[in-house]
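Assemble the whole structure, with the sequences as input and the hints as a guide.
Going down the list, the protein sequences come from chains A and B. Using the numbering used here, you'd call the opening residue of the first sequence number 209 and step up by one each time. Using the numbering used here, you'd call the opening residue of the second sequence number 209 and step up by one each time.
Just to be clear, a hint being listed does not mean it is correct.
Each pair may be met inside one copy or between any two copies, as identical chains are not told apart.
[What the hints assert, rightly or not] In silico lysine to aspartate or glutamate, EDC-like type, Cα no more than 16 Å apart, as pairs:
no., residue 1, residue 2
1, Lys485, Glu566
2, Lys485, Asp510
3, Lys485, Glu406
4, Lys541, Glu406
Rather than coming from a laboratory, the hints here were simulated on the basis of the structure.
There are 2 protein chains.
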Amino acid sequence: MTERIDHTLRGSWTAITGSLPPHALKWLHKRIGVDARTPARSPSVSPSGLGDEARAALAAVVGPGHVRVDRESRLGRAGGLSYLDLLRQRGTGELPAPDGVVLPGSPDEVVAVLRACVEHDVAVVPFGGGTSVVGGVAALRGDKAAVVALDLSRLNRLVEVDPVSRTVVLQAGVTAPRAERLLAPHGFTLGHVPQSYERATIGGFAATRSAGQASSGYGRFEDMVEGLRLATPVGEWRLGAAPASAAGPDLKQLVVGSEGVLGVITEVRLRVRRKPKVERYEGFVLDGWERGQRLVRELAQDRVLADVTRLSDVDETAVSLALSGGWKTAAMKGYLKARQVSEPCLLILGWHGASESEVSRRRADTLRGRRLLSLGRPLGEAWRHGRFNGPRQRDALMEIGVCVETLETAAHWSRISELRAAVRGALKDALGDCVVMCHISHAYETGASLYFTAIAARDVADPVGQWQVAKAAASEAIAGLGTITHHHAVGADHAPYLESEIGGLGVDVLTSVKRTLDPTGVLNPGKLLPGGLASLRDR
Amino acid sequence: MTERIDHTLRGSWTAITGSLPPHALKWLHKRIGVDARTPARSPSVSPSGLGDEARAALAAVVGPGHVRVDRESRLGRAGGLSYLDLLRQRGTGELPAPDGVVLPGSPDEVVAVLRACVEHDVAVVPFGGGTSVVGGVAALRGDKAAVVALDLSRLNRLVEVDPVSRTVVLQAGVTAPRAERLLAPHGFTLGHVPQSYERATIGGFAATRSAGQASSGYGRFEDMVEGLRLATPVGEWRLGAAPASAAGPDLKQLVVGSEGVLGVITEVRLRVRRKPKVERYEGFVLDGWERGQRLVRELAQDRVLADVTRLSDVDETAVSLALSGGWKTAAMKGYLKARQVSEPCLLILGWHGASESEVSRRRADTLRGRRLLSLGRPLGEAWRHGRFNGPRQRDALMEIGVCVETLETAAHWSRISELRAAVRGALKDALGDCVVMCHISHAYETGASLYFTAIAARDVADPVGQWQVAKAAASEAIAGLGTITHHHAVGADHAPYLESEIGGLGVDVLTSVKRTLDPTGVLNPGKLLPGGLASLRDR
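Pasting the structure below:
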């Protein structure tokens, strides 16, 4: 067995389990030829390089108990949850661990920590739930003498509730479930439910432009951000005077998505909504991807999307049916055949409301005049109950030697099908015998996201290289057709593709902002701006 | 009579008229004591300071016929349409005119013009419809040898239509009515109808974060922006890969609202909607401001706002009734008295849709369970037909010696009434015998805009100072409660208040971006960043 990483510090997931039902194992064997468990090794961690003076300076700010250099603490903040991260945590390849972990207790302490890090030449990786799948929390030190993880878990307060304006101020380290627990007594919800929900934090959502499964109804996280406190090496920056403004560029949108390279988000003022009293989830089926994506587009452009709107392609639908197994699946297949649905694409719709009648009305608005076949509420409820299982299933698949990873993009509607085909083709070419599944989970009037899952037998000789090649092929296929990331963010993994999306001038602009807020470049080296302060081009 | 400014180059307004109906004149005399026409003088314009070499360099880019230095062309781009601008155009105070007018014919020519301006030390004021009411197009030269207005009226094309994604690319100089004419054959509309509609341009909307009268339904202009081309002195910057992205900060939102100080917007990719087949406008009345603002808040928070949602306070409602006059007004007053409405606040709601049934359904959604008194469709239609008359009425009022100006802000709901009272109080203290009216025209889940109109007898001895004192008092009242501007932008007039809203670090960040894109500071001196490149603070 692999060594247990300190996951308790990251949230509330249950321990990793290696069990998959027999029919799923059989299916995997048949489809991608997996047949062996792969051995895991303990990851090696080099000794902490945090100097005594730096450690003392940090301890002077946060207290000695909140600067940790033990192996367990450092391993617990060594990278995120990408497939490559998980491989590294299982002893494959190099796992860069931070030299120490600093746990500040207030926004002011974060500013003081950053100043101490500047003084002692220590790089800082802001660390919330540690759920990045793009290397966003990799413990890279850049050109600094050492690197610490800035664990924000002590910034866990609900600071303010404004029930009239329906805004709240939450600290950056509050996890999504804790946010909901804190808001519930006030009758409010964020409605933000990404797959990382169980561990991810408010600060991380804001720093990465997170989108949740109900973003069609509640909006992307950046749509909820009314104000921010950002700690930087040159002081604190507060933004957010009003719900909307024409007072120059929207600088909140420069901080949202800054991924810890411009500062550390310590508090966020957020728009909240009344917690729904009724939620209704329902499964539908459409015949073929083209019909499915066209329907979702029409719902978006007619502005009658359900709060949750998620369309699986034929392959993802088939895998869902195969993996769930049992008599219900057989019955479903018979039903679809009888209805002459030859290429079933599953559509999950979910409506939230204050009452049954409101939800019924909204459902009627969505479905009015549409041609789609309802598969009933149990299928919708089944999706809802399993909605956070993806990471757990991945852990189980990893244990039996599967290469499994997801990636995502977004594009305008006129390019959606071309983009899907291009990414599928690139992944299949690179991985050979594999399964590639795709769904739309976020729809807009002008376009949508595409979310891919790839499954292949792990290349035991070069498991890291296997995925790196496939990921590069997919990223090249995306460039020019869509965005390199719809909601996973840039981190280290997408950084090489940023310039082709925002232009050389975009990189220059971000670098000049970084130079202003982080003049010595201590903040999150190697993320977003791959060259750090040196990214500014000579002209 | 005042000299006619070259308004034909600015759009399609009919000539300024000085006529007000007799009952309106009588009311004005009674309320604010206006009794005299004030004489207007021709504005004086100093000789053009554009050197021969600069002029030749600009002519080499755009052609000799598109570089103008005649008095008429220069006066036609001398400032915008604020009350102080209009006073200056009538010969009161200094009217800074550009040294020349340059009319580029393509986005590439704009880049080349900027390079020529850098080489010849010429400041550039991007000029669209010239409708700024905050000094955004004042011909200020900063520390440059000369200043030209960069008139974008030749960038007047619809470049691309993507009917599937429902996006279009429009050039910056396209006026709002022309945009609608270009989109109509495709069945689309922007739905963007600010009061400046008849003259204002796509580039101006984007550069100033414009909001239209139907922004509750169609969104603010920045919500429609899917992509941008920005000409800068260091080259062209293109943005906008997808409808949504997590690829770092949203740099589009740094360009939107940049007011010509970071670059010149030359093309904008915009989300469009199906042109509505049915529009229904209706007047309602609520008793008292508090009830009215609470209702609008509930509509916003329940997400059932009409596309147009506009609540007038008691004073604005009374003035509307007084100025419209006639038997209908008398009948209305009788009706309201009979219904025991003691403090009538007019609410205009307007719904757009593809069919009568859709509009009826949306109206039902808005009104379900609400207590408000309908005054019928004629009142709604009357508002709709007069919706662009504000500027014309102001011109008429100016002719008879009235000091008349508007200002606006936005705040979270919990501060709305306090903010309204504070601004009213400040204006009344400063102006003495005056009328101050207010309405909410843009509502959000977390707050709303407040739009004020002040009318007083002009101080003949110091007309400019009279308004400057009042405006400063209102701006001081706003600071700390709301934003200095909800949709009028910053320009020169609000620039002194920007730092208190975005912080010293915000000014530093914007300045560092300007330094990257406009290293010699030729772009729109004196706007947004009052200190230009020197705004970056020493620390």
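Each hint tested on the structure:
In this assembly of identical chains, the alpha carbons of Lys485 and Glu566 lie at most 16 Å apart only when taken from the same copy (10 Å versus 27 Å across copies). With identical chains, the CA atoms of Lys485 and Asp510 are at most 16 Å apart between copies only, with a shortest distance of 14 Å across copies and 25 Å within one. In the homo-oligomer, the alpha carbons of Lys485 and Glu406 never lie at most 16 Å apart, since the shortest distance is 22 Å inside one protomer and 46 Å across protomers. Proximity of Lys541 to Glu406 under the C-alpha cut-off of 16 Å is found in neither arrangement, the shortest distances being 33 Å within a copy and 59 Å between copies.
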